[in-house]
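Chains as they are written, first to last, in numbering that gives the first Met the number 0: chain A, 0 to 110; chain B, 0 to 289.
There could be a bad hint or two in this list.
[Said to hold, decoys possible] Subject to a maximum C-alpha distance of 30 Å in a straight line, what follows is the list of computed DSBU-like cross-link-like pairs (lysine-lysine):
1. B:12 x B:35
2. B:3 x A:77
3. A:77 x B:287
[To be verified] Which chain A residues face chain B? A few, computed with CB under 7 Å, are given here:
4. 61
5. 78
6. 82
7. 94
8. 96
9. 99
[What the hints assert, rightly or not] Covered by chain B, per the in silico footprint, the following chain A stretches (three or more residues, Cβ under 8 Å):
10. 29-43
11. 51-58
Keep in mind the hints are simulated off the structure, nothing from the lab. Even for Gly, the Cβ is constructed at its ideal location relative to N, Cα and C.
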Amino acid sequence: MGGKLSSDILRGHTDTIVLASLLDRDRYGFEIYNRVLNKTDNLYELKETTLYSSYKRLEKDGFIQSYWGDETQGGRRKYYRITELGRELYQQKLKDYEFTKKILERLFMEE
Amino acid sequence: MELKEFIDHAFEKYEESPELIDFKEELLTNLQDRLKSLEATGLKRTEALKEIRTEFADINKIADEMSLDKKKEVFEIQYMSFRHFVTRPRAAIYTLLGVIALFGLIVSGLSYLTSGKIEALTGVLMVFLALPSAGFVYMGLTQETATRHPMRPLRALIYAIAVFVFLFGALLVPILVFGEARSLEAALATLIPFALPSIGVIAFLMITEADYRKAWVLKEAEKQIEWAKGFEDSGNAQTFGIMTAAVWILAIGLFVLLLILKLWLYSWIPLVVALAVMMFLLAHYIKKSN
């Protein structure tokens, strides 16, 4: 039950997780997914389909841009780049999260 | 089953679009990398493939979203255009009606200028304006559009005839008032056989009118109703209605006043201002309700 609940909470932040993955450099789908796995020590698996929906949504709204890499062997990879608008959204989401965390901490604590 | 087949199989029901081809390619390279990383942890290839298949059991959700977007796009382009519904014969009839109406206006103007008689003016209009007007009514009502089903031909014909009779009668009035008869009684009396039955018929038809909106429009309308509730419940709708009525009464009063003062050139201004004020009020109250 606990695991299920936390995954629901995390899923609600998929967009922010994607944006955060692109802050330092451009990444492609598997890298973003892998980053999530590594950072969470495989404790939490963000469903890949959730991630793809997030890319599509973020790209449509102009928060990220995509481009094809120039790999010579094998298939091409689609990379994502965060836009200025995306960085602003990330900052906003971070602020929202800090605020939520503070509120929840107060509410969850015993008197 | 290899990755390529897995992906192709997952999307076989969906229409190929540039976006989908793009997405399949993106997915393939990502899954190849994922497969490699799973194998690197010591999983056998078949096990790794099985793992991926379980993970992507709901991959069609994205394809659903994409094809829905696509459908909507195609729908908007193809069906939202009015031209799609105006066939060549209909276009020809619309044009012909327009030409007849223009012809009537020019000829009536000419015959009035040459004869100086009001009968000449309205007499021509009785045929060459009333007839195309009725034609436009018929064509307009039987016209299918992106949002409306066409009316049945017989019903539309009754509307058209009623409009013709009404206009015919209405155009008789100036002849009787300003023409040689100069009889206001006769003018009013003509309203009985012409205007009265035609207005009655039109009123009856309008009251018993069916809903011609297409299914998708009704669905959209349902969404709009939810949105409009906020506007109406707040009481802003009533306030808006009263204010608008006040604005229009004022505007029409000013319009008539300017006409009486023979300031024809400026008479239209209050109406335009009223329209602008009404739009402004609407925007203001909608914003207030939300």
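Checklist entry - If you check each hint against the structure, which ones fail? => result Hints 3, 4, 5, 6, 7, 8 and 9 contradicted; others consistent.
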